[in-house]
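**Q** Each chain, letter by letter, is given below.
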Amino acid sequence: MTKGLITTTVGSFPKPEYLQKARNQFSAGKLDASELDELEKQATREVIALQEEVGLDILVDGEMARGDMVVYFAEHLQGMEIGGLVRSYGNRYYHKPVVKSEIRWQKPITLDLYKYAQSLTDKPVKGMLTGPYTMVEWSFLEGYDDMRTAVLEMAKAVHMEAVELDRAGAQFIQIDEPALSTRLGDLELALEAMAIVTDGIKAKTGTHMCYGDFPSVYPRFLDMAVTQFDMEMANSGYELAQLFKEQGFPKDKEIAWGVLDVHSHVIETQDQVVAGIKRGLEILPPERLFIDPDCGLKTRTWDESADKLRVMMAGVRQVRKELGIE
Amino acid sequence: MIATVVGSYPKIPNRPRPARLRNAIARFDRGDLTLDDLKAIEDEVTIEVLQEQAEAGLDLVTDGQIRWEDEQNYIARSLSGVSINGLIRWFDTNTYYRQPVIEGAVAWREPITVRDYQFAAEHSAKTVKAVLTGPYTLARLSVDEHYKSTEKLAMAFAEALNQEAKALQQAGATFIQFNEPAAVQHKEDFPDFRHVSDRLLDGVTAETAVYFYFGDVDGIYPQVLDLPFDLIGLDFVMGAANEALLHRTPFTKKLGLGIMDARNTRLESADQLVERIRTLGKGIAPDHLHVSPSAGLEFLPREVAQAKLKRLADAVRQAEGVLV
Chain V
1 MTKGLITTTV GSFPKPEYLQ KARNQFSAGK LDASELDELE KQATREVIAL
51 QEEVGLDILV DGEMARGDMV VYFAEHLQGM EIGGLVRSYG NRYYHKPVVK
101 SEIRWQKPIT LDLYKYAQSL TDKPVKGMLT GPYTMVEWSF LEGYDDMRTA
151 VLEMAKAVHM EAVELDRAGA QFIQIDEPAL STRLGDLELA LEAMAIVTDG
201 IKAKTGTHMC YGDFPSVYPR FLDMAVTQFD MEMANSGYEL AQLFKEQGFP
251 KDKEIAWGVL DVHSHVIETQ DQVVAGIKRG LEILPPERLF IDPDCGLKTR
301 TWDESADKLR VMMAGVRQVR KELGIE
Chain W
1 MIATVVGSYP KIPNRPRPAR LRNAIARFDR GDLTLDDLKA IEDEVTIEVL
51 QEQAEAGLDL VTDGQIRWED EQNYIARSLS GVSINGLIRW FDTNTYYRQP
101 VIEGAVAWRE PITVRDYQFA AEHSAKTVKA VLTGPYTLAR LSVDEHYKST
151 EKLAMAFAEA LNQEAKALQQ AGATFIQFNE PAAVQHKEDF PDFRHVSDRL
201 LDGVTAETAV YFYFGDVDGI YPQVLDLPFD LIGLDFVMGA ANEALLHRTP
251 FTKKLGLGIM DARNTRLESA DQLVERIRTL GKGIAPDHLH VSPSAGLEFL
301 PREVAQAKLK RLADAVRQAE GVLV
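In order, the protein sequence lines correspond to chains V and W.
Numbered per our numbering, the first sequence spans residues 1 to 326.
Numbered per our numbering, the second sequence spans residues 1 to 324.
So here's chain W without its partners, still in its complex pose (with noise of 0.2 Å):
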C-alpha cells in the first residue's frame, strides 16, 4: 500500500518559522533579489517539503508544487498561444488563479517541469511522482478565444502535455499524474475527456495516474475504468457518492484512495482513517493502493498539512497490518 499525496503542498511554514519562499518573491518583485537567487530559494524550499513528506512516512511524493503560482499557469504560461488575464475564483474554492486566455494554435515548446522533477528526485529520499494539470481542466478553465471549442483547445493541451509527458519519462520519472478536477464538474463532457486522455497517453510507457477531485465520478462510473490511465484517484470526502459507485462496480484498475480531508483543518483519527482503507479497499490488492489526502494541501497552513500527512501514513502502515 502506498501513501502519497495529490500535489501541492503549502509553500510557507507560521510564526516562528521563516516564510522564506513569500518573503523572497516579495523582494524579488522589488527588485531586490536576482531570478538566479529566488530560483536557489525555491530549491531549499523544496527539499524542506520533500523532507516533510519523507518525515511524515509517505512513499511516494512531489516536488509540492513550489514553483507554481497556481495549478493552471505554471503549465499554460510556458505554451505557446497563451496569454494570462485576471484572477478568478477556483472551483468552489476561496483560492483564485489567473486565467489563461487562449489567444493562438496551443503548442509545447520545451521542458516546463522537467528540471522540477530531476531536481526533486536527485534531493528526495522517497520515489518522486511527476504531477501535471491534466488537459481538460487546463482547457476548461481558460478563456478560449482561438479555438472556440473546449474539446479541440482540451486535444491541443493534451498534445502539448504529451510532449512534457515523454520529456519526463526521458528525464527517469517512472510515474506521471494528471490532476483533472474539471472532468468531474463537466461529466456530459466524458465522451471528449477519453479521447482527449487517449491521445494525452500516446507513446508514454510510464505509470501513469489521473485524479478527480472536488466531486464524484457518479454518471461516468465505471466507464472512467476504460481510461487509459492505470491509477485513478478519487476524493472520497467532496465525493462521498464515490463509495456507493465501488460498491455497485468493482474497482479493475489501481485506486487513489482521497480519504483525508485536504480542505479542513479538523485532523482525523488513524482508527477512522484504518477504517476507512478497510471499507473502500475491499476487493482491491492492497499494492493496487494509493492512499491519499482528497486533493492538493495548499488549502491548509502547512504544520496542519504535515500533521495530517502522518497521521494518514500511520494509517496506511497500521491497515497494511490489517489487511495483510
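Pulled out of the complex, with its shape left as it was, chain V reads as follows (with noise of 0.2 Å):
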C-alpha cells in the first residue's frame, strides 16, 4: 500500500436497478431469499469491481444487503423489532425499528458477506457496524426505562459482531454514530458505548459521524474509543479545519478527510480535490490523513459515484506525487 493519503469511502454504494427492484419483489413476497442473495452477491461484486478499477486502497462491500444502516442490524438482533411505516423524507418511508426488550447478539449479521467481499479481493476491505448510539436513538424505545441502559446493552451487542469481524481478519473496523452530530449532548453516553465496541479489538478502529458543531466539543470528543474520525468535510467548506489547525489534533489519532460532497450530483474538478487534500495537509502528515467521500454514497447514481471516485482518485495521484509518496 502507499505510504500515505490512503484512499477508501465511508461504506454505502449506489444499489443496482436489478437489486432495487429485487428488494421491492422480495418484500412483496414475489422472489425468495435465496434468490435475494444471489443478486446482493452479484451487486457486491460490481462494487468491488468499480472500486479495484478505481484504484481506491481499502474497499468496502457497499452494503448491498443493507436498506437502512439501523433497520439491517434491528432485523438481526433480539430484542429489536421492525415497526411501522415512517416518513423518512420526500415519498420515501422506511419501517422504524423498535427496541422491544432487553437487546442481544444471537448469531453474527454482517460476517458473511465482509467474507465474501473480502474473497473478491487481496486488498483490504473494511468492516461496517452501525454504532450502539445510532442504533438506539434512531429507533423506537419501549423495552428500556432510560435510553443509557439501552444504548449500554446495544454497545455490548455491536461488540460481540466487532469481534467476529476482528477474528475474521478484517484490519479495519468502522462503527458510525451519525445521529451523534446533531446531539452532542449525549456525547459522554456514546464515547461510553463506544469504549465498550471496541475493547479488545485488534482490527483498526474508526467511527463517521456528520456535520455537527463539533468545535463546542472540541477536545472531548476526541476521546472516543477508535483511530480514526471520518469526518464531513467539503460540505461544510471544510469548516473543522480552522479548528483542528488552531488547537490542534491528538498524535495517536487519525482522520478520514471527506474531499467529496455527497449531497451533491455536481461532480467536483480535480483543482477542488486537491485543495481539499491540501487543507488536511495542513494539520496531519499524508500517513495518517486517509482520503474519501464526506458520507456514504448511496444517494448518488452510480455514474455520479464512479466520476466523483475517479477524480477524487486523480487528486490523491497529483498530490502523491508533489509530495513523492508514488
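In short, the hints are calculated from the structure, not lab data.
Some hints could be false.
[As the list claims (entries may be wrong)] With a Cα cut of at most 20 Å, we get these calculated SDA-like pairs of lysine to any residue:
| hint | chain 1 | residue 1 | chain 2 | residue 2 |
| --- | --- | --- | --- | --- |
| 1 | V | Lys298 | W | Ala40 |
| 2 | W | Lys152 | W | Gly81 |
| 3 | V | Lys21 | W | Ala19 |
Can you join these two chains into the complex? Each is in its own frame, and there are hints to help.
**A** Set out below in C-alpha cells:
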C-alpha cells in the first residue's frame, strides 16, 4: 500500500436497479431469500470491481444487503422489532425499528458478506457497523425506561459483531455514529458506549460522524475509543479544518478527510479535490490523513459515484506525486 | 380544555390498509397520474385524517399537512426568491428536508394554504386551526445567499407570512398557529425573534399561537410571555426544563401543553397524562389549556399516532372532570 493519503469510502454505494427491484419483490413475497442473496452478491462483485478499477486502497462491500443502516442490524438482533412505516423524506418511507425488550446479539450479522467481499479482492475490505448510540437513537424505545441502559446494552451487542469481524481478519472496522452530530449533549454516553464496542479489538477502528457543532465539544469528542475520525469536510467548506489547525489534533489519531460532497450531483474538479487534500495536510502528515468522500454514496447514482471517485483518485495521485510518496 | 395536535399527521397507514398517497405520488412522478388526480387523492386522505382526529376525540384539528413534503418547502417554494437545494437533516431527527436557498428578495405571491384550510374546514366535524411554519424557522433552515442576515431574512418571511395569515383569516380561519422549533435552538436571537413576531402578526385579528418544540424556553422565559401571540405551545417531553420555569413564574397566556411524546411509540397511560395536565396546568384556567403531543405526529406510524391521540383526548376529558 501507498505511504500516505490512503483512500477509502464511507461505506454505502448506490444499489443497482436490478437489486432495488429485487428488494421490492422480496418484500412483496414475490422473490425468495436465496434469489435475493444471489443478487446481493452480484451487486457486491460489481461494487468491488468498481473500487478496484478506480484504484481505492481500502474497499467496502457497499452495503448491498442493507436498506437502512439501523434497520439491517435491528432485523438481526434479539429484542428489536421492525415497526410501522415512518416517512424519511419526500415520498420515502421506512419501517422504523423498535427496541422492544432486552437487546441481545445472537449470531453474526455482517460476517458472511464481509468474507465474501474480502474473497473477491487482495485489498483490505472494511468491516462496517452501525454504532450503539445511533442504533438506539434512530429506533423507537419501548423496552427500556432510560436511553442510557439501552445504549450500553446495544454496545455489548455491537461489540460481539466487531469481535466476529476481528477474528475473521478484518484489518479495519468502522463503527458509524451519524446520530451523534446533532445530539452532542449525549457525547459522554456515546463515548462510554464506543469504549465497550472496541474493547480488545485488534483491527484499526474508526467512526464516521456527520456534520455538527464539533467545536462545542472539542477536544472531548476526540477521546472516542477509535483511531480514526471520518469527517464530512467538503460539504461544510472545510469548516473544521480551522479548529484542528488552531487547536491541534491528537498524535495517535487519524482523520479520514471527506473531499467529495455526496449531497450534490455536481462532480468536483480535480483542483477542488487537491485543494481539499492540502487543507488536510496543513493538519496531519500524509500517513495519518486518509482521503474519502464526505459520507456514504448511496444517494448518488452509480455513474455519479464512479465519476466522483475517479476525480478524487486523480487529485490524490497528483498530491502524492508532489509529495513524492507515489 | 382543548385536546389538539401540533401540526403534521402520518400520511400513510400500515398494511393491510393501502398506502394510497405514497402510491399516488409514485405514479404521478412516473407520469402515470395527472396532477388533478393526485390532488383528488390528497383531498381524500385529508378527509380520512380529519376523521381520525375527530374519532380520537380531539377538539381542535389540523389538515394533517398531508400535502406538505416537509415543514420548510411547502411554504418556502411558493414564495418569490426561493429555490430548493439538496437534502439535509431536520433538527436532531432522522428525517430530512430539502434546504430552501434564498436567491433574491422573498415575497408572497398568492395564497399558499388558504385552499387547504377551506377544504379542511368544509370537511371537518371539528374546528380546524391553520398551521404555518414560522418566519424565524423558515429563515434559520434556509441557505441565505441574498440577505446575509438571519434577522433580515426572517423579517422578509414574516412579511410574506403576514399576508398569508391575513388571507387565511379572510377565508374564515379563527385560529392561526406558527411552528417555531428553531427559536429554542438559537435563544441568543430572541430579541430579533420578538421583532419578527410583531411584524408577523401586524393586523392579524384571528387568535394566534406559536409552538416551540424540540427544546425548552429556559433563558427566554418569562420574556416569551411578552410575545404578541395569544397562546404559546411548549414541549414538556424534550423540554423537561420547562416544568421548573412554570413553577417559578406564572404563565400568563394560553398554554399549549405538549405532554405526549410525539417521537416515541411507547404509549403513555391516561393516568400519567392526567397527572401531567394537573401538575403543569395548575393555576391556569382550564379553557386556557391546549393539550397536545410534543410535536407534529409524522415521526410515528399512523396507527400509533391514532392510538396516542385517543389516549390524549381521554386524558383531557378525565382531567376536566378533576379540575372543574
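**Q** State for each hint whether it applies.
**A** These are the hints, each one checked on the structure:
no., hint, result
1, V:Lys298 with W:Ala40, "violated (34 Å)"
2, W:Lys152 with W:Gly81, "holds (14 Å)"
3, V:Lys21 with W:Ala19, "holds (19 Å)"
When each numbered hint is compared with the structure, a violation occurs for hint 1 only.
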